[in-house]
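Protein chains in written order, with my numbering: chain A, 36 to 288; chain B, 36 to 288; chain C, 36 to 288; chain D, 36 to 288; chain E, 36 to 288; chain F, 36 to 288.
Calculated from the structure, these hints are not laboratory results. Treat the hints with care, since some could be wrong.
Because identical chains share one entry, a pair is satisfied inside a single copy or across any pair of copies.
Stated by the list, open to error - List of simulated lysine-lysine pairs, DSS-like, C-alpha gap at most 30 Å:
1. Lys221 / Lys178
2. Lys264 / Lys221
3. Lys89 / Lys229
4. Lys89 / Lys278
5. Lys89 / Lys178
6. Lys178 / Lys189
7. Lys229 / Lys278
8. Lys229 / Lys178
The primary structure of each chain is shown beneath.
Protein chains: 6
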Amino acid sequence: MELRFCTWQEVAAYLERSRAIIIPIGSTEQHGPNGLIGTDALCPETLGRALGGKLEALVAPTISVGMAQHHLGFAGSITLRPSTLLAVLQDTVNSLVRHGFDSFYFLNGHGGNIATVSAAFSEIYAQTSLQPGSHNRPSIRCKLTNWWDAPGVKALCGELFGDQDGGHATCSEISLTQYAYPDSIKTAEMTPAKAPYGPIYDAEDYRRRFPDGRIGSNPTLANPEAGEKIFETALAGLETDYKTFVANGARTP
Amino acid sequence: MELRFCTWQEVAAYLERSRAIIIPIGSTEQHGPNGLIGTDALCPETLGRALGGKLEALVAPTISVGMAQHHLGFAGSITLRPSTLLAVLQDTVNSLVRHGFDSFYFLNGHGGNIATVSAAFSEIYAQTSLQPGSHNRPSIRCKLTNWWDAPGVKALCGELFGDQDGGHATCSEISLTQYAYPDSIKTAEMTPAKAPYGPIYDAEDYRRRFPDGRIGSNPTLANPEAGEKIFETALAGLETDYKTFVANGARTP
Amino acid sequence: MELRFCTWQEVAAYLERSRAIIIPIGSTEQHGPNGLIGTDALCPETLGRALGGKLEALVAPTISVGMAQHHLGFAGSITLRPSTLLAVLQDTVNSLVRHGFDSFYFLNGHGGNIATVSAAFSEIYAQTSLQPGSHNRPSIRCKLTNWWDAPGVKALCGELFGDQDGGHATCSEISLTQYAYPDSIKTAEMTPAKAPYGPIYDAEDYRRRFPDGRIGSNPTLANPEAGEKIFETALAGLETDYKTFVANGARTP
Amino acid sequence: MELRFCTWQEVAAYLERSRAIIIPIGSTEQHGPNGLIGTDALCPETLGRALGGKLEALVAPTISVGMAQHHLGFAGSITLRPSTLLAVLQDTVNSLVRHGFDSFYFLNGHGGNIATVSAAFSEIYAQTSLQPGSHNRPSIRCKLTNWWDAPGVKALCGELFGDQDGGHATCSEISLTQYAYPDSIKTAEMTPAKAPYGPIYDAEDYRRRFPDGRIGSNPTLANPEAGEKIFETALAGLETDYKTFVANGARTP
Amino acid sequence: MELRFCTWQEVAAYLERSRAIIIPIGSTEQHGPNGLIGTDALCPETLGRALGGKLEALVAPTISVGMAQHHLGFAGSITLRPSTLLAVLQDTVNSLVRHGFDSFYFLNGHGGNIATVSAAFSEIYAQTSLQPGSHNRPSIRCKLTNWWDAPGVKALCGELFGDQDGGHATCSEISLTQYAYPDSIKTAEMTPAKAPYGPIYDAEDYRRRFPDGRIGSNPTLANPEAGEKIFETALAGLETDYKTFVANGARTP
Amino acid sequence: MELRFCTWQEVAAYLERSRAIIIPIGSTEQHGPNGLIGTDALCPETLGRALGGKLEALVAPTISVGMAQHHLGFAGSITLRPSTLLAVLQDTVNSLVRHGFDSFYFLNGHGGNIATVSAAFSEIYAQTSLQPGSHNRPSIRCKLTNWWDAPGVKALCGELFGDQDGGHATCSEISLTQYAYPDSIKTAEMTPAKAPYGPIYDAEDYRRRFPDGRIGSNPTLANPEAGEKIFETALAGLETDYKTFVANGARTP
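Required output: the full structure, derived from the provided sequences and hints.
Following this line, the structure appears as structure tokens:
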């Protein structure tokens, strides 16, 4: 159930049986020589829509641009400042709270989003918890799940790629997009085969340390068949994760 | 050429021949009993991608949530506050300026965005024009085009729907989404057939004046065949509009 | 009735019979070789005070500085960033709401304000419509009217100046200030007689396209007699506009 | 020389001989039973324009609304939040810096503005002093002068009103507006004759402590003749103050 | 009673008998050749803790960094922008209001904080006084006391140092830190013995006018014995000041 | 070397040999029945000062209030909103960058700070990486280290407390404060001995799940002897961590 394909009456009906919503959140940033700039948005979007379909859960439009300042040294990368992303998440959640939603399941595709999204949850909660007299607003719950943290995914990726999976432009995420978008499979040679690891500071420093954008990965190993396995495993894991989240906290409508 | 399906090297190559980019911007808001909540994002996304394909122009990810506070009385509508949308557009443009883009063609699907997007352009320009010592940043140009203002579109919609097209949840936009997403065609009865007109203030006032969300329209007339005609006419008109914009101002790369 | 010349007890008495207020809003920016920098504030101030006098309606102090970033290439122009103007309008309206005002009639003298003022209305409405639990605040209504859009004004200006009226530093606005402030009539030669038209981007681009500041106008045609006719026509038109606004929405005090 | 009555070419010429500007700043707030809501704006506006006339110094439009949150318990009072006023002053100064102004003389009419305007100066300076690499912007100087602190004014007011002058809605400021705007002289009885003194906290507390709005004053003693004396003394004192400010710091153009 | 050394249950018990709290606020900035960078935080911290100990009043953690933009020309100085300090004070007070505190006694050690802290009080009050419907929050009171304004302190410093005390890096504040932190007494020669006076603008201007950081002082005269006298006098004066503040306004718990 | 006890000349001399600084950051929040409200600030402050002493590294004043919205249900807890903490960290770093510092080692004592501090680093980097023309500012590096992540600490705590250490109000952090502040050791009975675990949402939800404030811990086991061991182990680990950070990146002064 994608929100964008519903009418408002269908959403109103949905709220009679659930107050939870899935919100895919990603990034628009370089993913090395053969990774798509949209990788981090495409992965949670693909999984989120599948999850919504399987569980008849509502799926909001993907937040396609996230916090990617460290990738700005590479053409096509777009970032929101953390302060901007805070505001976007605040408005998104507040809009949906008005309709009666109380459980927000952010399905994340980008490690660089974790800090800001977590901070945003606190900023949102602080709107009610920081000032007295605001207790007429019911409690809400926000949760961030990275798709690669779904039960079973890391083990599978280890099996598939060993120590070649890496930290950015990983074999696993590129495989997943190759499975989901077989028309956009890119090939490119890379040197060294396996990219270096290192700390992340600002955009210029990043480009110096990681000249083609990858961190620790050898994504020439990526392939759509691996992507399919990852998709199936992640989907099963997310199903459990989402159900647990909803069961342990949503108010009865 | 969708940015999300490019690698950063492909974007770098694109910048050798063009410094312009198409950015579809819409809204996630109620569109009456048979209109999709995603209508305002789906229309410019569909047209923007077609335009990009035809002209080999780069298309950024769609900004799916816009300024829709007046629709918050209807389930599923999501808004950014104008101040938040200002920041989103500022960061988006500033990110792309870093890579060398200088001409930003926002293809808009939502009347409620016009004021805030126009204000955002001034906020962006003010970053350089308001303070001395910032002249080392080259001039940039931002333009907002509503798809329904593309040459030929209004005349066609008049022919197709006469005075039943309306102001919100229009026959034409719903026809366009029916053409683009034939699996998501909704049917619903509406009373009265043609919705009333009136001024727009806040969300509660809006819901009182326009009980099912429509303004001035009779979208039971919408149909995918009309949508196709609108699509073709709009696409041709936008092609002209985009070319003029780029020709009259972009720096030679 | 100017607010600045009232005591608070007089305002309290006014609120017994009306909850509406007129707020002139303009700009402080270049108006070409013979136009006053204050033109856009002086026009709505003059008309707003006359309207208030005629209808015994309260008139707030003029907001003299608006959104004028594109004029910053010319000495003396002052702008607020759109985000600043949003905050100013929010505070102004919120202050007056506390006293019981619910209908805000902004009388505008500057095209460059329209986007930001419209966005500000949404920002203000969003304070109540975006979050649940805020419904104890009564609905308010904000309206922006450009003085040149008052019924009858455009037709008159067409008669008076034909295609020489222009888009900025127009014959009509300069005539109006010449009528209102006959001691400040300026003379200057201009080449070409009629200034060019063109799109508006940032301040440096503006100065390149429009070297003496005018857009499309030949303000050597301006004269105080024309100004008087414009004043009378605009005042009559605004009277109708204001009455309609107040009649169709203000709560009974 | 009022900025609003100049053309941009006249301002450009002015900048050849001076880089200083006078900016009257006031407030729109209750001033007790016989004081005008505009008192705090009218006083510095009257004096600032006279000062500008005498010294051929440029005078910006009056900032009519200031920081008046503690007066919001009385009808007609309007406030900007301190954070909003910070932004307004920042944009105003930054706009003028672009044209070459470097000495900003704020002539103040409202005690409640002092803290926020002083904080704004630091916010403005911090734009350059807080970050390295911004030293290409020349130093600027901002000064706030309260008209009642002009040499000679306090002594005169003591002579005229003794201990009846008070702290808000003072005999002296009301006399000054009566002199400047003789058509708006108000009469009202007040009990007690002399209002109480006390600390200032929020708007509700203020209204409880000072039921008719006055602090420590007996403004039935105000009269236009006293206003004229105050005007003359203040004008002479401000002339000295302004000249000293300009002489001791403005760069040679 | 230092908050940092309490458990939450001890604070809950404290709130049964008092709703007031002492908050020391200082700055981290140069204090000339023999003054500590922490001087302005150490003075109110020392006095605030002693005051809290004597009166069994709760003392919050010291706000060690304040508004010091004009000192940024000297190594080690740290500033918050006024807008940032506004937010810090807002959050601090709002957090404590939630627990039931209603009287906030800011004990200040830095003249440069006065404007911004005062503005912050208005910003905090405006949260309730600016918008209707927020009256469910009880009134709160905030007060700023500079330790050198405690009764008796200025007279004592005059006796001790005459006209050598100065305006920044004063003999008295350096004496106070020498008394409180005898292990950190610094010695340095200074030329001239007594520093110049002058106006304060931005950081670069400050460094030009006051090359070693002092204003008007001769802090070679500072000594810990004088510091002890100042400490005792200030503590007694602050005791009176605090008791008066609490007695005249705190709600009965 | 504590910054607060230095003169500016001493800081200038320090910058000749190092461009790095240690900044302890904590929180002011409940720590259960026997934990101090200042625990999270006291731990990194104690360790940071010891580290600075050992390595002759400069230590900034402790940031004592952090992001603690989820603790607001317990008396005495104070939070900054994430957006406020972003601004504080931005100003702190920007001030120090002006003096020539380029390596910022934040020593953290509060898990709830991690997200916001990490987001702040991106916000700070974005000031230069997000906009072209700002490359005249040299690269800076910010690092957050939680003291409990110093090599060896977790193993030691496991030995000392096994599964009773917990997640909030842990045996280890309370032991550390007992060692550092033996005069403030508190005793209290707790039921159950070991507190429950669970997810963290807003302040009201937190209080319901964790009635006395603890998460997963049994802090009756805390003791100053354990605190001393933890202190020594953490200090050694932090020494390595700090040296590695500085060695791998600071520019040669």
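In ascending order, which of the hints set out earlier in this document are inconsistent with the structure? When the structure is compared with the hints, numbers 1 and 3 turn out to be violated.
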